[in-house]
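> Sequence:
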Amino acid sequence: MWKNPSESFSVIGIRYFERHKGEVNSCTFSPDCTILLTCSDDSRIHIWNAKNGKLLYKVKGHTGPVKAGCFSPDGMLFASGSHDCTVRVWKMETTECLHVLRGHNKSVETVCFSPSSKKLLSAGWDRTAILWDVQVGCILKVFSGHHDVIQTSAFSPNTPHLATGSWDYTVKVWNLKSENKDKTLAGHKGNISCVCFSMPGMLASGSWDRTVRVWNPLIGTLIFMLNGHLGWVKSLTFSRDGMLLATAGYDEMVKVWDCENGKCIKVLEGVLEPAHACTFAPDGALLLSGTIDHKI
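Quick note on numbering: the sequence shown equals residues 1 to 296 in UniProt numbering.
Rather than coming from a laboratory, the hints here were simulated on the basis of the structure.
We put the CB at the ideal spot given by N, CA and C, even for glycine.
A few of these clues could be false.
[Unchecked claim] Subject to a maximum C-alpha distance of 25 Å in a straight line, what follows is the list of computed PhoX-like cross-link-like pairs (lysine-lysine):
1) Lys60 to Lys118
2) Lys21 to Lys51
3) Lys177 to Lys118
4) Lys141 to Lys189
5) Lys181 to Lys141
6) Lys91 to Lys119
7) Lys21 to Lys91
8) Lys141 to Lys118
9) Lys60 to Lys21
10) Lys177 to Lys119
11) Lys141 to Lys91
12) Lys21 to Lys58
13) Lys189 to Lys263
14) Lys91 to Lys60
15) Lys141 to Lys119
16) Lys91 to Lys51
17) Lys91 to Lys118
18) Lys181 to Lys119
19) Lys181 to Lys118
20) Lys119 to Lys60
21) Lys91 to Lys58
22) Lys54 to Lys106
23) Lys54 to Lys21
24) Lys106 to Lys119
25) Lys60 to Lys106
26) Lys141 to Lys106
27) Lys21 to Lys106
[To be verified] Label-pair restraints from in silico Cβ distances:
28) Cys97 to Pro73: 19 to 25 Å
29) Gly187 to Lys263: 38 to 44 Å
30) Gly53 to Glu269: 42 to 48 Å
Full structure from sequences and hints, please.
This is how it looks when you write it as structure tokens:
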């Protein structure tokens, strides 16, 4: 964890958690950054106290590797997607499984909640994205158009849009109110590995081509192309005011960018294995989570 990333990097905590029995595929922080959720090839979901590293729950239910997990913005639920082709919605307080969502016919690689926490998007190897009603557990809409695996997804925090990133090298921005206003963002020369919206309305995408692109998603234009990573970009996050963008790559490098001019203002090298998750905490600290040998 690093405090005040826009000014100086001061490492204030490094903690190692115990091992999963399989490779860790996904790590994500709760909205208040106090809980860490990890998903593994061992078919398990682990829920940790992010401050002291204590394992709170081992969650069972999936029958195959768990590829993705996320918290609802209200912190009441979490969701998981698996190689078993299902999506599960869980109650955070008790880890009770509320829904097993069936609709995909191949591995689910990404899940994300809408800002209201009432809808959930899932996508994966079948090249489709499915929008679910979380309360009822039914399909609301199926999005088709990608020509390869969908690896990543995100909802806009303040407009009726969502984004999906695919191994077809494109990002698609879907308008939830008008299908004829969907956008395809092309330009990357590798698989899209991560996408994220900012509060002011920008969209960032990270790729296996080692670049990050920042877009105006409503009109489909490129604002910045950010170069400097030496490996593919694994995760990225905007600060809560949208002024900073942090990116983490397989080069074990973390970069912080100024979103007004696209300049890299800070670099951290060699301090962490590839970061599965990065986020800005409410106090402005930059939090990262990665894995070493099944350890978090």
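> Please go over all the hints and tell whether each is borne out by the structure.
Hints versus structure:
1. Lys60 to Lys118: Holds, because 24 Å separates the two Cα atoms, which is no more than 25 Å.
2. Lys21 to Lys51: holds (22 Å)
3. Lys177 to Lys118: Measuring from Cα to Cα gives roughly 16 Å; hence the hint holds.
4. Lys141 to Lys189: violated (29 Å)
5. Lys181 to Lys141: holds (16 Å)
6. Lys91 to Lys119: Holds - the C-alpha atoms of lysine 119 and lysine 91 are around 15 Å apart, at most 25 Å.
7. Lys21 to Lys91: holds (24 Å)
8. Lys141 to Lys118: holds (14 Å)
9. Lys60 to Lys21: The hint holds at about 13 Å.
10. Lys177 to Lys119: holds (14 Å)
11. Lys141 to Lys91: Since the Cα atoms of lysine 141 and lysine 91 sit roughly 23 Å apart, the hinted pair holds (cutoff 25 Å).
12. Lys21 to Lys58: holds (12 Å)
13. Lys189 to Lys263: Satisfied, since the Cα-Cα distance of roughly 21 Å is no more than 25 Å.
14. Lys91 to Lys60: Answer holds: lysine 91 to lysine 60 is near 13 Å, not above 25 Å.
15. Lys141 to Lys119: holds (11 Å)
16. Lys91 to Lys51: holds (21 Å)
17. Lys91 to Lys118: Roughly 13 Å between the alpha carbons, so the hint for lysine 91 and lysine 118 holds.
18. Lys181 to Lys119: Holds: lysine 181 and lysine 119 sit about 21 Å apart, inside 25 Å.
19. Lys181 to Lys118: With Cα atoms ~23 Å apart, lysine 181 and lysine 118 stay inside 25 Å; holds.
20. Lys119 to Lys60: With Cα atoms ~23 Å apart, lysine 119 and lysine 60 stay inside 25 Å; holds.
21. Lys91 to Lys58: holds (14 Å)
22. Lys54 to Lys106: Violated, at about 33 Å.
23. Lys54 to Lys21: holds (17 Å)
24. Lys106 to Lys119: holds (21 Å)
25. Lys60 to Lys106: With Cα atoms ~20 Å apart, lysine 60 and lysine 106 stay inside 25 Å; holds.
26. Lys141 to Lys106: holds (18 Å)
27. Lys21 to Lys106: holds (23 Å)
28. Cys97 to Pro73: 19 to 25 Å: Between cysteine 97 and proline 73, where Cβ atoms are some 20 Å apart, the hint holds.
29. Gly187 to Lys263: 38 to 44 Å: Roughly 20 Å apart at Cβ, these two residues miss the hinted range, so it is violated.
30. Gly53 to Glu269: 42 to 48 Å: With a Cβ separation near 25 Å, glycine 53 and glutamate 269 fall outside 42 to 48 Å, so the hint is violated.
In the structure shown, a violation is registered for the earlier hints numbered 4, 22, 29 and 30, in ascending order.
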